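Protein chains: 2
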Amino acid sequence: MARPKLQFWFEFASTYSYLSVMRIDTLAADAGVEVEWHPFWLGPIFKAQGWDSSPFNLYPVKGAYMWRDMERLCAARGLPFKRPDPFPQNSVLAARTALLALKHPEGPAFCRAVYAGEFGEGRSIDDPTFLGQLLSSCGLPSALVEEANSDAGKQGLRDSVAEAMRLGIFGAPSFIFEGELFWGDDRLEMTLTRAAA
Amino acid sequence: MARPKLQFWFEFASTYSYLSVMRIDTLAADAGVEVEWHPFWLGPIFKAQGWDSSPFNLYPVKGAYMWRDMERLCAARGLPFKRPDPFPQNSVLAARTALLALKHPEGPAFCRAVYAGEFGEGRSIDDPTFLGQLLSSCGLPSALVEEANSDAGKQGLRDSVAEAMRLGIFGAPSFIFEGELFWGDDRLEMTLTRAAA
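Just so you know, the sequences run in chain order U and A.
Start counting the first sequence at 1; every next residue gets the next number (the UniProt record's numbering).
Start counting the second sequence at 1; every next residue gets the next number (the UniProt record's numbering).
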């Protein structure tokens, strides 16, 4: 029998996506659930809500809290945490590259490597050289970075954003099971329970 | 030895506060933690962030998701759930009354009764007669509703909002342990673990 399948929608600039990216494959394997990885870009979705930056920058009190919350959650989970500068990072190239990487079995490992660099070490993820190194370290061709900026690579991310909007996704991380939306790393367990039922 | 003490800040119009109000005393007793109940009012705090209504009304996509999320969480916890109309409810009278009720040991039971009416049955909580009935059913004098609208009653809620702002509270429910802020029903377990440590 086919395992139940979950869609995992994540944005490379998103702090809470880091938390889910680093644990979803382990938790899903334990629950017997298959994960489909969907990198996307929140820029146009936030713009449609009237936001021209991360809501954590637009609402500084909420932003200050988010950094402390991330510190606590990362400490509790044994994850390194370092704030990248600037925040949010420009995540477009990473997302385009990940869409290509995810056509290979090493795709999820590449995504984890990008987040580990960005939020574990505070590295900039708009640097093609850095992304190329991460691809190589995961056993993927570093030339995927250049391919990411081809017309087809750009269209890949456009299609992904359009599909996210069609699904009603408004933030990251988000999980979709049987058309139903679950938002936030805090809902990962509930989604897996639902999918495994 | 004195038990560790947690501050619980909640707003009577807040859906996610309903979730915490209905479970905090049980979870805290299990953890050996004492709970100080602090009703407050988000109106002036949201206004300071540029919002003149609930963010769930200002951002309809997020609002639609919140209602579905609440349905799922209430179902999972065996809590009845019915959306009050209008949302958000005017919570000022309930908060002023609760501040007086909480000077008695029956205060938390009164708060639970208000939320059970509002979000379990969809009742309006700005109705003094309804609030008086709930007070009586909890063994408290129904005259607390009139006292709530006295100068002292009004000042009580003003003081509570000022203290919430001083603590950096920007949403509800919030928990404070040793000066540190935890936001959202999703953080109740983490706060209790921290307090009990």
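Just so you know, these hints were derived from the structure itself, not from any lab.
Note that the structure is a prediction, hence the values are computed from the model and not measured.
C-beta atoms are modelled at their ideal positions from N, C-alpha and C, and glycine is treated no differently.
Any given hint might turn out to be false.
Label-pair restraints from in silico Cβ distances [claimed, not checked]:
| hint | chain 1 | residue 1 | chain 2 | residue 2 | range |
| --- | --- | --- | --- | --- | --- |
| 1 | U | A29 | A | A76 | 33 to 43 Å |
| 2 | U | A76 | A | K103 | 34 to 44 Å |
| 3 | A | A76 | U | R72 | 18 to 28 Å |
| 4 | U | A76 | A | E36 | 17 to 27 Å |
Taking lysine to any residue and the SDA-like style, the derived pairs with C-alpha atoms no more than 25 Å apart in a straight line are [said to hold, decoys possible]:
| hint | chain 1 | residue 1 | chain 2 | residue 2 |
| --- | --- | --- | --- | --- |
| 5 | U | K154 | U | H104 |
| 6 | A | K82 | A | R123 |
| 7 | A | K62 | U | N57 |
| 8 | A | K62 | U | H104 |
So, going through the hints one by one against the coordinates:
1. Between U/A29 and A/A76 the beta carbons are some 23 Å apart, a value that contradicts the proposed interval 33 to 43 Å.
2. Checked against the hint of 34 to 44 Å, the pair U/A76 and A/K103 passes, with Cβ atoms roughly 37 Å apart.
3. Between A/A76 and U/R72, the C-beta spacing of about 24 Å keeps the proposed range 18 to 28 Å intact.
4. U/A76 and A/E36 have their C-beta atoms about 24 Å apart, which keeps the hinted 17 to 27 Å range intact.
5. The straight-line distance between the Cα atoms of U/K154 and U/H104 is roughly 18 Å, inside the 25 Å bound, and the hint therefore holds.
6. At roughly 9 Å between alpha-carbon atoms, A/K82 and A/R123 fall within 25 Å of each other, so this suggested pair holds.
7. For the hint pairing A/K62 with U/N57, the CA-to-CA distance comes to about 18 Å; that is within 25 Å, so the pair holds.
8. For the proposed pair A/K62 and U/H104, the alpha carbon gap of about 34 Å is over 25 Å, so the pair is violated.
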